[in-house]
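Knowing the structure of chain A, use the given hints to seat chain B on it.
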Amino acid sequence: MATLDDANRPVLQRAHTDMVRARHRLVIPMVVGTLAFFFLQQVLTNFTSVLDGLVFDGMTWAYVYAFAQFFFVVILTTIYRRRMQQLEAQFPSAAVAGAAAAAHYDDWTTMETHQTAAEGDGDEQFEHVQGTRLDEEDGR
Amino acid sequence: MNTESAVLFLALVAVTLYITYWAGKRNKSVETHLVAKGAIAGRQNGVAIAGDFISAATFLGTTGAIALGGFNGFYLAVYIPISYLLCLLLVAEPLRNLGHFTLGDVLASRFHGDGVRAAIATASVVVSLLYIVAQFVGAALLVQLLFGVKYWQAAGAIGLLTLIYTLFGGMIATTYIQIVKTAILLFCGALLLVLVLAKFGWNPLTIFQEAGEATKDAALKPVRKGTAAQWEQFSLIFGVTLGVLGLPHVMIRFLTVRDGAAARTSAVTAIWIFAVFLITLPFVSYGAMLLVGKEAIVKASKGGNLAMPQLAETLGGDLLLAFVSAVAFATILAALSGLVIATTGAVSHDIYGKLLRKGHVDHTRQLTVARATTVISVAISMLIALAAQKQNVAFLATLAIAVAASANLPALLFTIYWRKATAAGITAGMVAGLVTAVVIILLSPTFHGSAEGALLPISSPGIISVPVGFLVMYLVSLATQPKGEALAAANRLFDRIQVQAVTGIDPAKTVDLAGQGR
Chain A
1 MATLDDANRP VLQRAHTDMV RARHRLVIPM VVGTLAFFFL QQVLTNFTSV
51 LDGLVFDGMT WAYVYAFAQF FFVVILTTIY RRRMQQLEAQ FPSAAVAGAA
101 AAAHYDDWTT METHQTAAEG DGDEQFEHVQ GTRLDEEDGR
Chain B
1 MNTESAVLFL ALVAVTLYIT YWAGKRNKSV ETHLVAKGAI AGRQNGVAIA
51 GDFISAATFL GTTGAIALGG FNGFYLAVYI PISYLLCLLL VAEPLRNLGH
101 FTLGDVLASR FHGDGVRAAI ATASVVVSLL YIVAQFVGAA LLVQLLFGVK
151 YWQAAGAIGL LTLIYTLFGG MIATTYIQIV KTAILLFCGA LLLVLVLAKF
201 GWNPLTIFQE AGEATKDAAL KPVRKGTAAQ WEQFSLIFGV TLGVLGLPHV
251 MIRFLTVRDG AAARTSAVTA IWIFAVFLIT LPFVSYGAML LVGKEAIVKA
301 SKGGNLAMPQ LAETLGGDLL LAFVSAVAFA TILAALSGLV IATTGAVSHD
351 IYGKLLRKGH VDHTRQLTVA RATTVISVAI SMLIALAAQK QNVAFLATLA
401 IAVAASANLP ALLFTIYWRK ATAAGITAGM VAGLVTAVVI ILLSPTFHGS
451 AEGALLPISS PGIISVPVGF LVMYLVSLAT QPKGEALAAA NRLFDRIQVQ
501 AVTGIDPAKT VDLAGQGR
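Residue numbers (our numbering), protein chains in the order written: chain A, 1 to 140; chain B, 1 to 518.
Hints are supplied without guarantee of correctness; some may be wrong.
Per label pair, the in silico range of CB-to-CB distance [what the hints assert, rightly or not]:
no., chain 1, residue 1, chain 2, residue 2, range
1, A, Val-32, B, Ala-218, 33 to 39 Å
2, A, Arg-21, B, Asp-362, 28 to 34 Å
3, A, Arg-83, B, Gly-113, 45 to 51 Å
4, A, Val-32, B, Glu-452, 37 to 43 Å
5, A, Phe-71, B, His-363, 45 to 51 Å
6, A, Ser-49, B, Val-375, 51 to 57 Å
7, A, Arg-21, B, Thr-368, 32 to 38 Å
8, A, Val-55, B, Gly-303, 56 to 62 Å
9, B, Val-298, A, Leu-35, 46 to 52 Å
10, A, Phe-71, B, Thr-227, 47 to 53 Å
11, B, Pro-467, A, Phe-56, 37 to 43 Å
12, B, Lys-420, A, Phe-71, 33 to 39 Å
Simulated from the structure, these hints should not be mistaken for lab results. Every residue, glycine too, gets a C-beta built ideally from N, C-alpha and C.
For reference, chain A alone in the conformation it holds in the complex (with noise of 0.2 Å):
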């Protein structure tokens, strides 16, 4: 594994916070959305007979709408998972990072006291990392 040299530093923090905002901006308006979408129905068959009547025989408003948010939901699944993929292309390095760091450690108790141990001093590394190695921090 190669060293991350200062220069790519100020790239790579760039690239991490550009990819927070970017999943905020696609995550944020579909809590909203299925929130409002799903307590809608709460509410309206709950609270008033709106979706009390009969679309055609044998089948209620209050069942179309109850049916419509397993499509809904399977359609927002889809493209979050189809976007994420795209912000992961869009933003490689952060992706690789990762799996990087997570393959790197086959023992997970390992990894949290090293993570541990790095806690204290972490918060000045974000913004003046030094150039380190993980494999090396781990003593391997």
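Coordinates of chain B only, in the frame set by chain A:
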């Protein structure tokens, strides 16, 4: 128990014990015991997650509720995919990227003191134990009905098998038993659907039309039974929808995979299974109502819990009844095993490893504590279940999910997403959410057994306790904002957490990306 039931039951137990034996040979470390060392594939984990939530309550309880109560029973199915979509969007990947063994790890990644970890560990143990006891009693009563055995025999068999799975097989056995059970359950559901459709000319709408004709459309419309009942229904669904995101036994499943992408795959897989399976429940349930009859369903079980076994008997005789009963039994065991593992993790990792031993604990010792916790939690649950056979324990499950929604969920969301959250705010909000949920339950008709004598008209505290948890967390966090260098340090840490939650790496300890990501 007839011959068919005995054979299928023994075959299923044999399969689960073989899985436990196979997993036991790999279950040699605390990482494996609690989170399968992150080695579960995303899709496999998704199937296990789906299995966790398509429990006996869903397979038997929701179908019975639709068969007897019509559309209102379907509320108990519709919220599940919605909950998991919220889970996918808000917590699945951050949870995997920030946590290792428990929910406590996620919070401790930002708040390093003992207070926050103690609060989430306590809430996790409380939620899981309440859930275990409620499931245990319900399961024993159900097995008693399904197999015609005595209550203590049912409780004993459930306790013994759960203990064997979790003690020897740990999370690996729990996961693979859940996967096998889910596969069989989905097959069982598909088989019942096909047999019901065959009775109605292969047209799903015919089932709805006949259900409408039989009940003058009452079964197809929402039922509103007065203001208190309507708010009760709303509060229940509000609480359970959000509560899923704070249930330790559900959330720790996202820690059994390799990385955030696998956690995402897990949630997506589970959502697809929920969507495909749960959307069929009204058809099968109305099939039961029409083919078995409401009176026969109520006669067998007041709440309609035996509607599916009765439908199976009507459609496929003793063999299908035996199959459905065996599947229900496997469902109960798999769900209980997951709950026991969640309790074990909170006690052995958070309370023992982190709070009592301050992280200075060797693996062998921690594994011993984990296994001891497994034995103790199963033993306590079984003893309470034996003592509570004739007690009303329905409030325990309601309380468990209310605490998850009111304490755990605000803590997780504020930790991951809100810059101004403080340790004091998180702790105070969790305590406030937990206490509010407990007080409301104690004053509710569920705890008192009837509306008379209860000080509050509703039994589901979610609509009050969830906002209280969030509000107290918000206000106390604002009131305890750090200043000066402490504020700058808190902001830097939050920036790190945000990046780690999304990418899986701590930017302060990053690796070289120059040659890898291009």
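Going down the list of hints, with the structure as the test:
no.: 1; hint: Val-32(A) to Ala-218(B): 33 to 39 Å; result: 35 Å, holds
no.: 2; hint: Arg-21(A) to Asp-362(B): 28 to 34 Å; result: 42 Å, violated
no.: 3; hint: Arg-83(A) to Gly-113(B): 45 to 51 Å; result: 37 Å, violated
no.: 4; hint: Val-32(A) to Glu-452(B): 37 to 43 Å; result: 41 Å, holds
no.: 5; hint: Phe-71(A) to His-363(B): 45 to 51 Å; result: 47 Å, holds
no.: 6; hint: Ser-49(A) to Val-375(B): 51 to 57 Å; result: 54 Å, holds
no.: 7; hint: Arg-21(A) to Thr-368(B): 32 to 38 Å; result: 46 Å, violated
no.: 8; hint: Val-55(A) to Gly-303(B): 56 to 62 Å; result: 30 Å, violated
no.: 9; hint: Val-298(B) to Leu-35(A): 46 to 52 Å; result: 36 Å, violated
no.: 10; hint: Phe-71(A) to Thr-227(B): 47 to 53 Å; result: 32 Å, violated
no.: 11; hint: Pro-467(B) to Phe-56(A): 37 to 43 Å; result: 40 Å, holds
no.: 12; hint: Lys-420(B) to Phe-71(A): 33 to 39 Å; result: 38 Å, holds
In summary, the structure is inconsistent with hints 2, 3, 7, 8, 9, 10 from the numbered list given earlier, while agreeing with the others.
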